[in-house]
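Asker: Protein chains in written order, with my numbering: chain P, 2 to 231; chain G, 2 to 346.
Please note that the accuracy of each hint is not assured.
As the list claims (entries may be wrong) - In silico lysine to aspartate or glutamate, EDC-like type, Cα no more than 20 Å apart, as pairs:
no., chain 1, residue 1, chain 2, residue 2
1, P, Lys68, G, Glu52
2, G, Lys131, G, Glu80
3, P, Lys68, G, Asp291
4, G, Lys321, G, Glu342
5, G, Lys132, G, Asp105
6, G, Lys64, P, Glu20
7, G, Lys3, P, Asp112
8, G, Lys120, G, Glu231
9, G, Lys210, G, Asp105
10, P, Lys68, G, Glu231
11, G, Lys131, G, Glu290
12, G, Lys311, G, Asp291
13, G, Lys64, P, Glu41
14, G, Lys197, G, Asp151
15, G, Lys210, P, Glu107
16, P, Lys68, G, Asp209
17, G, Lys64, G, Glu35
18, P, Lys9, G, Asp209
19, G, Lys210, P, Glu41
20, P, Lys68, G, Glu49
21, G, Lys3, P, Glu20
22, G, Lys210, P, Asp73
23, G, Lys64, P, Glu107
24, G, Lys210, G, Glu231
25, G, Lys311, G, Glu290
To be verified - Between beta-carbon pairs, the in silico distance windows are:
no., chain 1, residue 1, chain 2, residue 2, range
26, G, Glu239, P, Asp112, 37 to 45 Å
27, P, Gln104, G, Ala328, 57 to 65 Å
28, G, Arg160, P, Glu107, 36 to 44 Å
Keep in mind that the hints were calculated from the coordinates and are not lab data.
In this text the structure is predicted, and so the values were computed from the model without any measurement.
Don't be surprised by glycine CBs; every beta carbon is placed ideally from N, CA and C.
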Amino acid sequence: MSILIKDKIAVITDCNPFESTPQQRLAEELCLRLQEIGHESYVIKVPVDWHNGDALMQSILSLRLLKVMNADAVVAIDFPAAIVQHHNKYAWITDTTANIARQRFEAALADAPVAEIAEAEQTPHRLTVIQDLLTKIESSYLSECKRLIYCHNALLRNNDTTNSESEAEFSNLTNLLKSALSKLTADSEVEEAPHLQNLLVPAFEKADEYLGRLPWEPITTYLTRTLEIE
Amino acid sequence: MKILVASTHVPFIRGGGTMIVEDLAAELSERGHEVDILTLPFWSVWDEMVEQMLALRLINVQKRADRLICIRTPSYLLEHENKVAWFIHHHRGAYDLWGTPFQDIPNSEAGMKVLASIKAADNRSLREVKKLFTNSQVVSKRLSKFNQLDSTVLYPPLRHAERFHCKNYGDYIFYASRIATPKRQMLAVESMQFVKSNTRLIIAGSPDKPQVLVKLQELVNHLKLNDRVEIRGNWISEEEKVELFADALGSIYIPLDEDSYGYPTLESFQSLKPVITCTDSGGTMEIVEDGVNGFICTPTPEAIAVAIDKLAGDRAAAAKMGEAGYARMQAMNISWDYVCEQLVS
Numbered sequence: 002m003s004i005l006i007k008d009k010i011a012v013i014t015d016c017n018p019f020e021s022t023p024q025q026r027l028a029e030e031l032c033l034r035l036q037e038i039g040h041e042s043y044v045i046k047v048p049v050d051w052h053n054g055d056a057l058m059q060s061i062l063s064l065r066l067l068k069v070m071n072a073d074a075v076v077a078i079d080f081p082a083a084i085v086q087h088h089n090k091y092a093w094i095t096d097t098t099a100n101i102a103r104q105r106f107e108a109a110l111a112d113a114p115v116a117e118i119a120e121a122e123q124t125p126h127r128l129t130v131i132q133d134l135l136t137k138i139e140s141s142y143l144s145e146c147k148r149l150i151y152c153h154n155a156l157l158r159n160n161d162t163t164n165s166e167s168e169a170e171f172s173n174l175t176n177l178l179k180s181a182l183s184k185l186t187a188d189s190e191v192e193e194a195p196h197l198q199n200l201l202v203p204a205f206e207k208a209d210e211y212l213g214r215l216p217w218e219p220i221t222t223y224l225t226r227t228l229e230i231e
Numbered sequence: 002m003k004i005l006v007a008s009t010h011v012p013f014i015r016g017g018g019t020m021i022v023e024d025l026a027a028e029l030s031e032r033g034h035e036v037d038i039l040t041l042p043f044w045s046v047w048d049e050m051v052e053q054m055l056a057l058r059l060i061n062v063q064k065r066a067d068r069l070i071c072i073r074t075p076s077y078l079l080e081h082e083n084k085v086a087w088f089i090h091h092h093r094g095a096y097d098l099w100g101t102p103f104q105d106i107p108n109s110e111a112g113m114k115v116l117a118s119i120k121a122a123d124n125r126s127l128r129e130v131k132k133l134f135t136n137s138q139v140v141s142k143r144l145s146k147f148n149q150l151d152s153t154v155l156y157p158p159l160r161h162a163e164r165f166h167c168k169n170y171g172d173y174i175f176y177a178s179r180i181a182t183p184k185r186q187m188l189a190v191e192s193m194q195f196v197k198s199n200t201r202l203i204i205a206g207s208p209d210k211p212q213v214l215v216k217l218q219e220l221v222n223h224l225k226l227n228d229r230v231e232i233r234g235n236w237i238s239e240e241e242k243v244e245l246f247a248d249a250l251g252s253i254y255i256p257l258d259e260d261s262y263g264y265p266t267l268e269s270f271q272s273l274k275p276v277i278t279c280t281d282s283g284g285t286m287e288i289v290e291d292g293v294n295g296f297i298c299t300p301t302p303e304a305i306a307v308a309i310d311k312l313a314g315d316r317a318a319a320a321k322m323g324e325a326g327y328a329r330m331q332a333m334n335i336s337w338d339y340v341c342e343q344l345v346s
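Go ahead and model the full structure; you've got the sequences and the hints to work with.
Answerer: Okay, here's the thing in structure tokens:
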């Protein structure tokens, strides 16, 4: 069945409160365009912390655990928003996960207080480990999407890597996330959150330079055509 | 001050819970604060709640703002050293509705774990706040009973209240609300078959689910009330709503056991129109006084019909009741100046 008029499409993006990131502006613009062609559309913004590797992992887990219900489809703008789980998920990708992570870490540290920079520098291996991890599991997250839409110079990558090949990485990641999990479990008796084995990931870059000259008509037409409700 | 207003919601569903967030942010902005809104999706289905609670807890907004104001449950799971909660309701299926037909978590082993998680998370995170406010005495009493927490009632005001006005006392009763089973628009329609005066009923609001609207219209058809009941099943514009209140004889707001008095009650009083509510409606009891600024009926179609006929039978009395409703709002200090001062100080 093709998408019906007034189907509900959630557009999800990471955000930085009090700032307007390129991804956020792209999401808001897409949302308006979807409304213009007769859909209900809504932007979900989730703060992501890029100050160090652990903080990013914590953000990734939060995105993975959120439920975007009451939406017929979800369009995620880039990594890490596209980590979100949804049965009918589409991603709009502008760059590799590694590139995005590197740029965001640099941007976050550029604004960070001295103490945070010092802390990040003392544990340089963490960022490397995480970048490697993100790259390795990128294709798994991509394979969850019904469609990937690459933005301009985005690379077309092969998503044939099976989940089993990434199993070891998933285990590593799960271990890394255990400390974050302990925050609530101490009080709540819930031993562990499910679905962690299915973790994640995609890619992007600065989208604002494209905004304003993006080919909106083919994009919205493409989305309408490809958003099939199953 | 840099203020982040956080809440949760079900995407694509609008109602009082989303309005209070937008209104507060706008009012704080008007008072010179730098404000941003963080509305996170939250789906209150029992076996998916703990994961989502964890998701909220993991989101880091610590250094993003000077103050975090949390509204809908369980947005107060977010951590912040300067966190304030304006708590509007529990996940009631785990609290006061536990053991009733509205209990939405099973008594199974898994269900009991989820129940324990919700309570543990609430007890812990609500104790992290610098100040704890609620939207009604009902909610404050529940926090005291179930979580042993003291709180202060901060009544949610209307935004741009001055838009509402009174033109005349016309020939219809207005029900302005999201169309949903707990709002009991069905009961309002059923009452119309017992109304003796030529009063009409206008229902306006967006339906939670399309089926709710279909059922409501089917009931109107079945009772052959098409010439007396009008349903505007969309989220009507603010202007349309203001005009509908301005010309109404009075309004009706009869939700089942709701926590707060509801925006429609304030909109009605601001338009100098009396409010018909029910003995089991909950928060409306805090502002509606039977025979003074409206009627508090037993929740039966017959009793509601009597109230409607009373308003129709004496329009001068209806006008006086509407004015009394306005006076009651002033007496309760329902204003944004007060709310902003309390949340920011």
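Asker: Give a verdict on every hint.
Answerer: Evaluated hints:
Pair hint P:Lys68 plus G:Glu52 holds up; C-alpha atoms about 9 Å apart against a cutoff of 20 Å. With a CA separation close to 12 Å, the supplied pair G:Lys131 and G:Glu80 stays within the 20 Å bound. As the CA atoms of P:Lys68 and G:Asp291 are separated by approximately 43 Å, the hinted pair breaks the 20 Å bound. Of the supplied pair hints, the one linking G:Lys321 and G:Glu342 is violated, its CA atoms being roughly 32 Å apart against a limit of 20 Å.
The straight-line distance between the Cα atoms of G:Lys132 and G:Asp105 is roughly 30 Å, outside the 20 Å bound, and the hint therefore fails. With a C-alpha separation of about 13 Å, the suggested pair G:Lys64 and P:Glu20 falls inside the 20 Å cut-off, and the hint holds. The straight-line distance between the Cα atoms of G:Lys3 and P:Asp112 is roughly 17 Å, inside the 20 Å bound, and the hint therefore holds. A threshold of 20 Å between alpha carbons decides the hint, and for G:Lys120 with G:Glu231 the separation of about 43 Å lies outside it, so the pair is violated.
The straight-line distance between the Cα atoms of G:Lys210 and G:Asp105 is roughly 19 Å, inside the 20 Å bound, and the hint therefore holds. About 37 Å separates the Cα atoms of P:Lys68 and G:Glu231, which puts this hinted pair outside 20 Å; it is violated. Taken as a hint, the G:Lys131 and G:Glu290 pair is broken in the structure, with Cα atoms around 34 Å apart against an allowance of 20 Å. This hinted pair checks out: G:Lys311 and G:Asp291 have alpha carbons roughly 12 Å apart, not beyond 20 Å.
This hinted pair does not check out: G:Lys64 and P:Glu41 have alpha carbons roughly 33 Å apart, beyond 20 Å. Distance hint between G:Lys197 and G:Asp151 is unfulfilled; the C-alpha atoms sit about 48 Å from each other, more than 20 Å. Proximity of G:Lys210 to P:Glu107 is assessed by CA-CA distance (about 46 Å); at most 20 Å being required, the pair is judged violated. Taken as a hint, the P:Lys68 and G:Asp209 pair is honoured in the structure, with Cα atoms around 19 Å apart against an allowance of 20 Å.
Only pairs whose Cα atoms come within 20 Å are accepted, and G:Lys64 paired with G:Glu35 is accepted, the gap being roughly 15 Å. Between P:Lys9 and G:Asp209, the direct Cα distance comes to roughly 13 Å. Compliance with the 20 Å bound is thereby established for this hinted pair. Of the pairs offered as hints, the one joining G:Lys210 and P:Glu41 holds, with about 14 Å between alpha carbons and a cut-off of 20 Å not exceeded. About 8 Å separates the Cα atoms of P:Lys68 and G:Glu49, which keeps this hinted pair within 20 Å; it holds.
For the proposed pair G:Lys3 and P:Glu20, the alpha carbon gap of about 12 Å is at most 20 Å, so the pair holds. Between the alpha carbons of G:Lys210 and P:Asp73 the distance comes to roughly 14 Å, so the proposed pair stays at or under 20 Å and holds. A C-alpha spacing of about 18 Å is found between G:Lys64 and P:Glu107, which places the hinted pair at or below 20 Å, so the restraint holds. Annotation: proposed proximity of G:Lys210 to G:Glu231 holds, straight-line Cα distance about 19 Å (limit 20 Å).
Taken as a hint, the G:Lys311 and G:Glu290 pair is honoured in the structure, with Cα atoms around 15 Å apart against an allowance of 20 Å. Take G:Glu239 and P:Asp112: their Cβ atoms lie about 39 Å apart, and the range 37 to 45 Å holds. Range check, P:Gln104 to G:Ala328: Cβ separation about 59 Å, and the 57 to 65 Å hint holds. In this structure the supplied range 36 to 44 Å holds for G:Arg160 paired with P:Glu107, their Cβ-Cβ distance being about 41 Å.
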